[in-house]
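Chemist: As a plain string of letters, each chain reads:
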Amino acid sequence: MTGVITWIGTWLIMIMVFLFLVNTHWGKPIVYWFLWLAVLLLVVSHADELTQFFNAEALQLNG
Amino acid sequence: MANRQGSMAAINAALLQGPLPAGGSSSQGQPSVVAPHPAPGVNAPTPVSSIGTLTSDQKRFIDAQRQAQTDEEKQAQNLVNEQRANEDAFVTSSNATVSALQQIAKGTGVSLAGLPTPGSILLPLVILLVFFFLLLPVNGHTRLVWLWLTLTGNAEIGQDSTSSSGAGFSGGAGGTFSATIPTTPPASNGASQSTVNLSQLVTMTGAEDL
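Residue numbers (this note's numbering), protein chains in the order written: chain A, 1 to 63; chain B, 1001 to 1210.
Since the hints were derived computationally from the structure, they do not count as laboratory data.
Any given hint might turn out to be false.
[As the list claims (entries may be wrong)] Derived CB-CB ranges, DEER-like:
(1) E57/A with G1158/B: 30 to 38 Å
(2) V1110/B with F53/A: 39 to 47 Å
(3) L41/A with L1112/B: 18 to 26 Å
(4) M14/A with P1116/B: 21 to 29 Å
(5) T24/A with T1150/B: 16 to 24 Å
(6) Q52/A with P1116/B: 33 to 41 Å
(7) M16/A with L1101/B: 24 to 32 Å
(8) T24/A with A1076/B: 16 to 24 Å
[What the hints assert, rightly or not] Okay, derived cross-link-like pairs now, SDA-like style, lysine to any residue, Cα gap no bigger than 25 Å in a straight line:
(9) K1106/B with W33/A
(10) K1106/B with A1096/B
(11) K28/A with K1074/B
(12) K28/A with M14/A
(13) K28/A with I1104/B
(14) K1106/B with F34/A
(15) K1074/B with E1087/B
(16) K1106/B with T24/A
(17) K28/A with L1123/B
Source: prediction; values computed, not measured.
Beta carbons: idealized from backbone N, C-alpha and C, even for Gly.
If we strip away everything but chain A, and leave its shape as in the complex, we get (with noise of 0.2 Å):
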């Protein structure tokens, strides 16, 4: 249960601390930065499993 709340507060501090960033006039490049380097992270991180989407057997398997 401590986890749960942890992970739930974390969370919430994190959207309000990108909130309040977006408000300001200097904060909102920031962000828009930082989620565009997220996805990058996860492009980089999950290659394997993205590019299992364009294997052949996949390929197949989907029509």
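With chain A held as given, fit chain B onto it using these hints.
Modeler: What follows is chain B alone, placed relative to chain A:
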């Protein structure tokens, strides 16, 4: 310090030029201001109380004292002025430092605000959500599929009995999705899509990421 030494030299010079007025007559034979009175009736001098009748030695002594006092006052005033100057210099430098930091912060803020954000902030956010919920499988299904299975009663969130393995779709919350009915194996795993592989149940409830 030089002023103090000068004033002390003036006092010494006055003392060397003539004896102090206390204790007897002066070099000119005039009675002292504070001289003890002789016996009554023996040419008793009239006590002098006016400053106009002071001898030159006494005047020099008084002048030296005044000069020394003036020098000390000047020295004290110089110290006060020096302290004030130091305080003013500190305040001035502090204000300059604060204003410089404010200028740097302002310049940084202006530079950050000038960065382009093409497509608005929703674009990377939507891409992240698509990756997170639709494209990346966890325990054989994407998060959206797990949500659907959970809402339709085909999966449930149970206690993570295999948390020692350190993986799985617990998300740090301590629970693990597990399918209550066999699900189709992931595309990369099996050749038989329709065949129910009971071994998948073990892996689905386990903590194996695909």
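Chemist: Which numbered hints does this structure break?
Modeler: 5, 8, 11
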